[in-house]
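Construct the complete structure from the given sequences, taking the supplied hints into account.
Okay, here's what each chain looks like letter by letter:
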Amino acid sequence: MKKFLIFLSVLFLTTNVNAETLRILAEAGDEATLTAAAAQFEEANPGVTVEASYLGWDDFMATIKLKLADSNPPDLAHGNQGFTVDGTLIQNDLIIPLDKYADQYGWKNLFADGSLAEFSWSEDGSSWGSGTLYGISPVAEDVIVYYNKEKLSSLGLSVPTNFSEFESALATANSAGELPIILGGADGWPIIHVWGLIEGAFVDPGQTRSWIFDAKGNDYATSSRIQAAEKLEEIAKAGYFGSDSLGIGYDDANAMFIDGDGLFNLTGTWMTAQLNEGMGDNVGAFAMPRSTSGVAGGGSFALPWHISSKSSNPDLAAKFLAHLMSNDFVDDLMQVGRVPAQSPTIDPTSNLQAEVISASNALVGSNAKTFYTDWATPGMYDTVTQELQRLLGGAASAKDFIDAMAAESMN
Amino acid sequence: MINHRPFKKIDYSNYLYLLPAFLFYSLFVLYPLSDTIFTSFTEWSGIGEKKWVGLENYKKNLADKKITSSIKHSFILIIFYSFFPIVIGLGIAGIMVRVKIKGMAMYRAILFLPQILSMIVVGIAWRWIYAPKGPLNSGLDFFGLEDISRAWLGSFDYALPFVGLIGTWVMFGFTMILFIAGVQKIPSELYDAAKVDGAGAFAEFFNVTLPGLKGEIIVALVFTVTLALRNFDLIYITTGGGPGTSTMIPSMFIYKKAFQMNQVGSASSLGVMLTLLIFTLISLIIVTLREKK
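Keeping their order, the protein sequence lines are chains A and B. Here the first sequence stands for residues 0 to 410, numbered as in numbering that gives the first Met the number 0. Here the second sequence stands for residues 0 to 292, numbered as in numbering that gives the first Met the number 0.
Careful, some of the hints might be misleading.
What the hints assert, rightly or not - Using C-beta positions, here's what the derived DEER-type ranges look like: (1) A/W269 with B/F21: 45 to 55 Å; (2) B/K49 with A/A27: 29 to 39 Å; (3) B/G53 with A/D123: 17 to 27 Å; (4) A/N71 with B/L18: 26 to 36 Å; (5) B/K49 with A/S129: 23 to 33 Å; (6) B/Y16 with A/W269: 53 to 63 Å; (7) B/Y24 with A/N366: 53 to 63 Å; (8) B/L275 with A/N366: 51 to 61 Å.
Don't read these hints as lab results, they were simulated from the structure. Small disclaimer: the values here were computed from a predicted structure and weren't measured. Here a beta-carbon is modelled for each residue, glycine too, at the ideal position from N, C-alpha and C.
So, in structure tokens, the structure goes:
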């Protein structure tokens, strides 16, 4: 009996202390970032415990809505831009507006006007791209071109400054027997990033963003987009992705690139740390140059942070977000290999990080981030991955691709 | 004489013994099943209110060409998951009857091994075997067959049959064990009689072994056809339904609709349709093949 009473009192005391526990559910890519942030936050706020748990991408995306709909959800959690996750969370009142905290902590002043559109929604969650702020992230993710420096110089090439130079680099590599672009097309989604770069080279970035925010209300089959689709078809037909790209997974493609396969690797800045570790000074990066002038490419903030509407202490959650968003934390982000959305505060930790940050700045500077095609509708991820595989595999034409995409835009 | 049937009181307390199992069955099978059927008539994002839409989901599924073609893929997979393993299993059982192989127990165990491996493990292993620079292509290249080697799972023509072959590899151990066990219960007098009548290996197989294994063949068909139709993990791991939609099967759509597209109602209706399809096919198999009394 005595033991039982002690047990009860211990239980009571622990729950008491746990009143200041901040529960976080994050996608696994943020583990290093959060581990650093949690330690600093606990030290700066005695009595507060940060309890973070992580799920890999597929599991996270399959369960996040249910986790936040639970009666005891995490205080702070990642979502995902678009109607499938964020839209559904807002429509069901599962997350709270952050405008109050954004004003309190000055988040809106950190970025150019309109930069936070991807986190902004109407309050009923039915329209996207402006309105109330529901999420925030300290990290930028951009789709850029990584290249093998040795190969580029041994082919007698330099970093392309416009899209036709990029094309002729592909042709030069191909005729020299080098694989021009390594692509893990078996997974489907990596081709979305390739498409984003080609689309960006031809289509006005503002137009692509408008289409993503409102796919029904914006014409998809514009002449410049048809031109981009035809260009992708042409590149695929010329064999610039190799003959096996649809049989290679994303992780394998990156491993092959590190091992010296492929001149270019068209992927996102989240790969920076891994590529740098594998290739050191032999890997460089640049933003894709457009056909006319400037640069463009897929990209956005990283996954948004949301505060649960059932959180018992939303102010504490916001305070943690403020720590992530603070200028002090920028160097920590850089140390774990991420690209901060704010200007860097320390020197880049590697040659590659320096080039990635300058590519990222170029994209921000020309307001040329075009997000990701699959954000547009809940069914778009499936449509775009399947149709891009068909286009690359020669099972569909550029026109088939545009038609299928235009049809999905209406859903 | 009047047949006095003594009035027998049924002891309802006996049913209490069934109660625990029934509770579990209701909780984990009957409840989810009825909930899925109900959800299939609604539009539901997975959270929030369900909106009644009647047969709308079913109509849309039937009109969706991607879904109907995925059902075609499932029927092609039946050849690989069901027909091939049964033929191979019968072949091995037939040989076993004639030839005594030393260490057969060991071979049996090895051939059965794929059956006990998790499908995830099987899928990852075969993805590696079929990879552009994997063992299959290296082997082909070694014999000078570079023209044939390719990214098998990335090919619009070959991905489906090559995923199917993995199913054959997984399932034939099961049919083999089933048939070997079945052969042992066929009375040896029948084989002796066949020998006396001068039957050769083939005549013996078709007149004695095959009819004697009818029950086992039905079991094998029911099991393998069900797996071919409801299979999910193997496709999910190896191709994800791609390239394009060339290996897409209904269960992949159920997953995508429920977890990627916020269409839980539509996913449920597809689940119900798949269940009905499996139920119908299995009933057909049993009704056509079972012993006539």
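Exercise for the section: Using the beta carbons of B/K49 and A/A27, state whether their distance is inside 29 to 39 Å or not. Expected result: Between B/K49 and A/A27, where Cβ atoms are some 32 Å apart, the hint holds.
Practice task
Confirm or reject the claim that B/Y24 and A/N366 have a C-beta distance inside 53 to 63 Å.
Solution key: Roughly 60 Å apart at Cβ, these two residues keep to the hinted range, so it holds.
Handout entry: Outcome of range test on Cβ distance (B/L275, A/N366; 51 to 61 Å)
Key = For B/L275 and A/N366 the Cβ distance comes to about 53 Å; the hint holds.
Practice task
Take the C-beta atom of A/N71 and the C-beta atom of B/L18, compute their distance, and say whether it sits inside 26 to 36 Å.
Solution key: Between A/N71 and B/L18, where Cβ atoms are some 32 Å apart, the hint holds.
Exercise for the section: Please test the hint of 17 to 27 Å on the beta carbon pair from B/G53 and A/D123. Expected result: holds, 26 Å
Problem - Range hint 53 to 63 Å (beta carbons of B/Y16 and A/W269) holds or violated - result: holds, 58 Å
Handout entry: Range hint 45 to 55 Å (beta carbons of A/W269 and B/F21) holds or violated
Key = 51 Å Cβ-Cβ, so the 45 to 55 Å window holds.
Handout entry: B/K49 versus A/S129 beta-carbon gap, inside 23 to 33 Å or not
Key = holds, 30 Å
Every hint from the earlier list agrees with this structure, and none is contradicted.
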